[in-house]
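Put together the whole structure using the sequences plus the hints.
According to the UniProt record's numbering, the sequence shown is numbered sequentially starting from 1.
Derived from the structure by calculation, the hints contain no laboratory data. All C-beta atoms, glycine included, are put in the ideal place defined by N, C-alpha and C. Honestly, I wouldn't trust all of these hints.
To be verified - Below, a list of computed lysine to aspartate or glutamate pairs in the EDC-like style, where the Cα atoms sit at most 16 Å apart:
| # | residue 1 | residue 2 |
| --- | --- | --- |
| 1 | Lys-203 | Glu-177 |
| 2 | Lys-54 | Glu-43 |
| 3 | Lys-128 | Glu-99 |
| 4 | Lys-128 | Glu-177 |
| 5 | Lys-167 | Glu-213 |
| 6 | Lys-54 | Glu-84 |
| 7 | Lys-163 | Asp-195 |
| 8 | Lys-31 | Glu-61 |
| 9 | Lys-47 | Asp-16 |
| 10 | Lys-31 | Asp-62 |
To be verified - Label pairs and their computed distance ranges (CB to CB):
| # | residue 1 | residue 2 | range |
| --- | --- | --- | --- |
| 11 | His-119 | Glu-33 | 47 to 55 Å |
| 12 | Glu-61 | Gln-215 | 36 to 44 Å |
| 13 | Gly-115 | Glu-84 | 20 to 28 Å |
| 14 | Leu-78 | Gly-115 | 12 to 20 Å |
| 15 | Glu-162 | Arg-193 | 17 to 25 Å |
| 16 | Glu-158 | Leu-78 | 23 to 31 Å |
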Amino acid sequence: MAFDLKDESQVKEFIDNLGIEYRFGCYKEKKPEVCHLLGDFLESIMKDYTKAGKIYKSNCEDYNFGRSCYKFGNYKLLGRGSQEVDCDVAYEYYRKACELGVSEACQNAGLMCLGNGTHTRSVKDHRKGLQLLEKGCDGNNPFCCYYIGGVYIPGIPEASIEKDMDKARRYSEKGCELGNIYACANVSQMYRRGDGVAKDEEKAEKYKKRALELQDELVKQQQTLTFQQGTKPI
1 MAFDLKDESQ VKEFIDNLGI EYRFGCYKEK KPEVCHLLGD FLESIMKDYT KAGKIYKSNC
61 EDYNFGRSCY KFGNYKLLGR GSQEVDCDVA YEYYRKACEL GVSEACQNAG LMCLGNGTHT
121 RSVKDHRKGL QLLEKGCDGN NPFCCYYIGG VYIPGIPEAS IEKDMDKARR YSEKGCELGN
181 IYACANVSQM YRRGDGVAKD EEKAEKYKKR ALELQDELVK QQQTLTFQQG TKPI
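Structural data, given as structure tokens:
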């Protein structure tokens, strides 16, 4: 049956049917990917964050579904859906999601270990933080690659993590390849200054050019978003 999404009654029927389909797939067929969709449905369509949080939590714990672990970590971090804010519990769900291959969770868990930002673990663990970020970088998360590269430029003396410009270059190059503008800028400067690498103006220009391309893409995206938000029907 085709639904006319301009008809309010048909939209309601469509949403009701969607909810029934997701509940059947989750509770009866016990499909973790459908349970996650049910959580997303409750969160984004029904705005029932309490129920959505319960779905994400159980889907993580019962079925080891990484995306649900990540979402419940967000709920604990932000105190969403009747959840009390608990950074240490949020970290555990992020860590589990990271182990299950969710690179965004590796990023969050890694930063919480390093103690950077508003939301951190009660105990810092710099080496664990780097391990988590490395896993995120291995999963092609551009921010994780950029951040690790940035860590190795000065090192972390209090954690006995030494400056390592070779690692800084390698992680920064990968972050740039994945589209992180700051990683491109960092590696460009390394080659221009000969900081830990042989000076290479050609490579410095190559990464500078890539950074500028990414900057232009970002500006165009922002302009498009502004135009769409600001456009009014005549």
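These are the hints, each one checked on the structure:
no.: 1; hint: Lys-203 x Glu-177; result: holds, 13 Å
no.: 2; hint: Lys-54 x Glu-43; result: holds, 11 Å
no.: 3; hint: Lys-128 x Glu-99; result: holds, 13 Å
no.: 4; hint: Lys-128 x Glu-177; result: violated, 25 Å
no.: 5; hint: Lys-167 x Glu-213; result: violated, 25 Å
no.: 6; hint: Lys-54 x Glu-84; result: holds, 13 Å
no.: 7; hint: Lys-163 x Asp-195; result: holds, 12 Å
no.: 8; hint: Lys-31 x Glu-61; result: holds, 14 Å
no.: 9; hint: Lys-47 x Asp-16; result: holds, 14 Å
no.: 10; hint: Lys-31 x Asp-62; result: holds, 11 Å
no.: 11; hint: His-119 x Glu-33: 47 to 55 Å; result: violated, 28 Å
no.: 12; hint: Glu-61 x Gln-215: 36 to 44 Å; result: holds, 42 Å
no.: 13; hint: Gly-115 x Glu-84: 20 to 28 Å; result: holds, 21 Å
no.: 14; hint: Leu-78 x Gly-115: 12 to 20 Å; result: holds, 19 Å
no.: 15; hint: Glu-162 x Arg-193: 17 to 25 Å; result: holds, 19 Å
no.: 16; hint: Glu-158 x Leu-78: 23 to 31 Å; result: holds, 29 Å
Of the hints listed earlier, those the structure fails to meet are numbers 4, 5 and 11, in rising order.
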